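Participant: One letter stands for each residue in the lines below.
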Amino acid sequence: MRESIWWTVSIACAVVMVLLLSLHMGIMHLAGLLNVLGLNLGDVRAFSAVVARGKNPVQMVVYVIFLAVALYHGLYGLRGILLEVTQNRRWEVTITGLLFLAGIAAFVYGTYVTVKTFTG
Amino acid sequence: MLAEDQKKVVFRIFRFNSGDGGAPRFQEYTVPVQKGMTVLDGLVYIKENLDGTIAYRSSCRMGICGSCGMIINGFPQLACQTQILHLESQVVEVRPLSNYPVIKDVVPDLSSLMRNHTAVRPYIIRLDDEKERPTREYLQSPQELEAYLQFAYCIKCGLCLAACPTVATDASFLGPQALAAAYRYIADSRDSGMEARAPILDTPHGVWRCHFAGACTEACPKGVDPALAIQLLKRALVLRTLRLARVQAPAPVAPPLAPAPRPDIPKAPEPTVALVREQKSEGVEERRS
Numbered sequence: 001m002r003e004s005i006w007w008t009v010s011i012a013c014a015v016v017m018v019l020l021l022s023l024h025m026g027i028m029h030l031a032g033l034l035n036v037l038g039l040n041l042g043d044v045r046a047f048s049a050v051v052a053r054g055k056n057p058v059q060m061v062v063y064v065i066f067l068a069v070a071l072y073h074g075l076y077g078l079r080g081i082l083l084e085v086t087q088n089r090r091w092e093v094t095i096t097g098l099l100f101l102a103g104i105a106a107f108v109y110g111t112y113v114t115v116k117t118f119t120g
Numbered sequence: 001m002l003a004e005d006q007k008k009v010v011f012r013i014f015r016f017n018s019g020d021g022g023a024p025r026f027q028e029y030t031v032p033v034q035k036g037m038t039v040l041d042g043l044v045y046i047k048e049n050l051d052g053t054i055a056y057r058s059s060c061r062m063g064i065c066g067s068c069g070m071i072i073n074g075f076p077q078l079a080c081q082t083q084i085l086h087l088e089s090q091v092v093e094v095r096p097l098s099n100y101p102v103i104k105d106v107v108p109d110l111s112s113l114m115r116n117h118t119a120v121r122p123y124i125i126r127l128d129d130e131k132e133r134p135t136r137e138y139l140q141s142p143q144e145l146e147a148y149l150q151f152a153y154c155i156k157c158g159l160c161l162a163a164c165p166t167v168a169t170d171a172s173f174l175g176p177q178a179l180a181a182a183y184r185y186i187a188d189s190r191d192s193g194m195e196a197r198a199p200i201l202d203t204p205h206g207v208w209r210c211h212f213a214g215a216c217t218e219a220c221p222k223g224v225d226p227a228l229a230i231q232l233l234k235r236a237l238v239l240r241t242l243r244l245a246r247v248q249a250p251a252p253v254a255p256p257l258a259p260a261p262r263p264d265i266p267k268a269p270e271p272t273v274a275l276v277r278e279q280k281s282e283g284v285e286e287r288r289s
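Going down the list, the sequences are from chains A and B. According to our numbering, the stretch in the first sequence is residues 1 to 120, in order. According to our numbering, the stretch in the second sequence is residues 1 to 289, in order.
Since the hints were made in silico from the structure, they are not lab data. Worth double-checking, as some hints may not be accurate.
[As the list claims (entries may be wrong)] Reference listing, derived: stretches of chain B covered by chain A, where coverage requires no fewer than 3 residues with Cβ under 8 Å from a Cβ of chain A: (1) 125-137; (2) 197-205; (3) 239-247.
Small disclaimer: the values here were computed from a predicted structure and weren't measured. A virtual CB, placed ideally from N, CA and C, is assigned to each residue, including glycine.
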């Protein structure tokens, strides 16, 4: 498949990550600023608030999306580094395959933990 | 005794012969230098007066042929364009271009440069047969020319590949010269070869391997900006993949010149010479028959 497709997806993932991380930073660390803007979220870092967010289905979906895009972006970058020092087509296919499997495994495990938190 | 405007500079030259299997080493020569002397002039002086065995490549001596690329005091430069006194150093270290095999002394083997350059099909590709059987010149506006002109100034000296940190780690990388050459033709309004070049460019070792270090642009002696060409090439490939690229027909051939007759200028007389020739040939035909 065209490399430009993988690259474009990687950039799109970076954009999603920036958006979600901005949201995270805003909610978790810029409460004072949000207060000034008239948005009072309460004590978002209290244990009860963390547990409540864990039970929120929207939060769970956002976590899973973040997990997916971060894994893709990170593993695509790692693949780029490894392919740069690999001059053999067979190794290239092997590296891509192994990283794909590692990504799937990490995604399944991460999703399991997120869903377990939501349902547990 | 040296003239007042003459200095002595030590040339520290990389010596190696791939044929004799000896270890590489540096050899020093003291060269009298005066204002205006280039590193190439220094090498010529050494070869003619001190050591006829040193090998270097040169041709035009004016920054056009791109033959005399070498690492001078740690930076890839053309020897013919580098003034010795401008280096402001008592020692001029001359090494062969990095990222190429060395044939002898400061003569690199530029085969990889030429191979990659050829791979991107650096010529106008058209789907019609105007190129095979040309009828008239292509029509191209000054703005369309401007889109690729600076990339057409490449002299294939190979300095950009010597400066590129990615070429140093990835031998399969096409390199800034070939990628800039590809963009030069893709941006040319007469060309329609994007589909032919994309399978070569849109690969892990193609355009996507560039880290945008920008060393190629800094090294280019002709002011070409290969790093910019590569970024523009990335954009073109992504737009093509997303099917957002503006499909544009290649430049047409120019319409035939048909100036409107001016009433104040009388019509040219009939070509009498041709008429005489025609009459003569008719006469010959009649006699034959």
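Participant: According to a criterion of three or more residues whose C-beta lies within less than 8 Å of a C-beta of chain A, is the region 197-205 of chain B covered?
Facilitator: holds (count 5)
Participant: Can the region 125-137 of chain B be counted as covered by chain A under the rule of three residues or more with Cβ-Cβ separation shorter than 8 Å?
Facilitator: Violated, because only 0 residues of the region 125-137 of chain B bring their Cβ atoms closer than 8 Å to Cβ atoms of chain A.
Participant: Mind checking, does the region 239-247 of chain B have 3 or more residues with a CB under 8 Å from chain A?
Facilitator: holds (count 3)
Comparing the model with each numbered hint stated earlier shows that hint 1 is the single one that does not hold.
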